[in-house]
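Each chain is listed here by its residues.
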Amino acid sequence: MSALLILSLVVSCGSGEADRDVSQITDNSQPEDAGELRINANGEDFVISGFVSSDGWHITFRHFYVTLTDITVYQTDPPYDPHSGKEITGIVTVPLDGTFTLDLAEGDENTEPVLIGTLDSVPAGHYNAMSWTMIPSVEGPSEGYSIYMDAQAEKGNQSYNVRLGFEDSYSYRAGEYIGDVRKGFVTPGGSDELEITFHVDHLFGDIEQPEDCELNVTSLGFAPFAELMQEGTVEEDLVSLLEKMPEETYTRLKEILPTLGHSGEGHCYCTVLQ
Amino acid sequence: MKIPVLPFVLAVAAYPVFSHGVNVIWELRGDSVHVTGSFDDGQPMDNAQVTVFSGAAPSEPYLTGVTDESGKFSFLPDRVESENWDVQLRKAGHGEIVHISLSDAPTMQGGHGRFSVMQIVLMAVCVVWGFTGTALFFASKREKRNAHT
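Sequence order for the protein chains is A and B.
Per the working numbering, the first sequence starts with residue 16, numbered consecutively.
Per the working numbering, the second sequence starts with residue 41, numbered consecutively.
Note that these hints are calculated values from the structure, not bench results.
Glycine included, C-beta positions come from ideal geometry on N, C-alpha and C.
Possibly wrong hints are sitting among the right ones.
[Unchecked claim] Have a look at the derived ranges for each label pair, beta carbon to beta carbon:
| id | chain 1 | residue 1 | chain 2 | residue 2 | range |
| --- | --- | --- | --- | --- | --- |
| 1 | B | N63 | A | P156 | 36 to 42 Å |
| 2 | B | S141 | A | L243 | 33 to 39 Å |
| 3 | A | V254 | B | D118 | 55 to 61 Å |
| 4 | B | D108 | A | G205 | 33 to 39 Å |
| 5 | B | A97 | A | S99 | 25 to 31 Å |
| 6 | A | D252 | B | E121 | 51 to 57 Å |
| 7 | A | E121 | B | N63 | 34 to 40 Å |
| 8 | A | D227 | B | K112 | 17 to 23 Å |
| 9 | B | S72 | A | G113 | 35 to 41 Å |
| 10 | A | S174 | B | K112 | 26 to 32 Å |
[As the list claims (entries may be wrong)] A few chain B residues that face chain A, going by a derived Cβ cut-off under 10 Å, partial list only:
| id | residue |
| --- | --- |
| 11 | G61 |
| 12 | T76 |
| 13 | D80 |
| 14 | P84 |
| 15 | Q89 |
| 16 | T91 |
| 17 | F93 |
| 18 | A96 |
| 19 | S99 |
| 20 | E100 |
| 21 | G105 |
| 22 | Q128 |
| 23 | L129 |
| 24 | K131 |
| 25 | A132 |
Put together the whole structure using the sequences plus the hints.
Dropping the structure here:
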């Protein structure tokens, strides 16, 4: 009888997680064992070199502007899981102050990702989470838009100027950077980097991927935009697209846009701000 | 280009969206870690690049490989090296990393479960309670027996 009682009480306690000390501290001091952390933005080869959409349009970008603010990096334990959708609670939390409008199309395939900013002295450790907000620019060629692309789209004998602007604001929470190399490890006196990555293939698809893969099934391709061409130019924003696009296509566009932001190949939890 | 921070009126209404992605699960069978990756639409992450990192040297790959046609990959972690392992799966621009603590893994074939402090305290209380109850039971019988003598 006693043994049964013991068993039932142990089972009711669940795993050993319940009594874990979840108290967190925020340490923004600059100790001697600090290092440098660079924060980059990257549109990958799709934006730098161009690509062919899922429906066969060759798209090359003259400019691809994004405007970012409220960028913050974190050391979290346990590692932040963006699937949870929870706020990021960091043992160490370091903001990168400022609002930055960046042209991800600058350079060529040999160019390094665009440097947003450098945190010169951050506590050593693994920065395994990051958050940022994408907002409309208040000046310059992308004024009024959080994303603004100036591109050329070609297919057969068709060649269109493309200027697409998206006005919405987005708040992202990302876990660890995922890519060829693991990033975010700052050692005392050392230097590493993190990256905010934009996957424009989520919008237009990628002909190099299988036709029935999720990316190409869910993306729009370029045809819905090409249909809006006037005098060789496609120049639209979300306001005009709402009027001109079929409702289903516009709804899909609005669903896709938040998914452009990543940390490398790591997916994010995104909140659309209106 | 850095521009001045200007006030923005945001978040009048906000709703969450999660980028479509991948799911990676793992389990400990005996001494082996078995990882399975799938896309959000349920398709397996077959032939995905796998990189395993040891907690002892988390920035350097411990081993690399690819998943099978079912999106599965297995490896035998060296528990002497570390109890903590990270496994990253990547395919076609999508990736995920899972963090594995062998110490906290569910007890399975050969797995090493660990009790929390609360569980240990409760077990101790129950054991003491059990012995005390048994002693009182026999003590009570002895008193009754004595009552009849």
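Between V254 (chain A) and D118 (chain B), does the beta-carbon spacing fit 55 to 61 Å? holds (58 Å)
If I claimed the Cβ atoms of E121 (chain A) and N63 (chain B) lie 34 to 40 Å apart, would that claim hold in this structure? holds (35 Å)
Can we keep the A132 (chain B) interface hint, with Cβ of chain A closer than 10 Å? Constraint on A132 (chain B) satisfied, holds at 6 Å.
Taking the Cβ atom of N63 (chain B) and the Cβ atom of P156 (chain A), is their distance within the range 36 to 42 Å? holds (39 Å)
Is the interface hint for G61 (chain B) satisfied, with its Cβ closer than 10 Å to some Cβ of chain A? Since the shortest Cβ distance to chain A is 4 Å, the answer is holds.
Interface restraint verdict for S99 (chain B) against chain A (beta-carbon cut-off 10 Å): Because about 5 Å separates S99 (chain B) from the closest Cβ in chain A, which is inside the 10 Å limit, the hint holds.
So, P84 (chain B) near chain A? Judge it on the closest CB pair being under 10 Å. violated (12 Å)
Regarding S174 (chain A) and K112 (chain B), is the given constraint of 26 to 32 Å on their beta-carbon distance met? violated (46 Å)
Is the interface hint for A96 (chain B) satisfied, with its Cβ closer than 10 Å to some Cβ of chain A? Hint violated; A96 (chain B) Cβ to chain A Cβ min 14 Å, cut 10 Å.
Hint check: is the beta carbon of F93 (chain B) less than 10 Å from a beta carbon of chain A? Holds. Min distance 7 Å.
Is 33 to 39 Å a correct range for the gap between the Cβ atoms of S141 (chain B) and L243 (chain A)? violated (52 Å)
Is the shortest C-beta separation between E100 (chain B) and chain A less than 10 Å? holds (8 Å)
Consistency with the previously given hints fails for numbers 2, 9, 10, 12, 14, 18, 21, ordered from lowest to highest.
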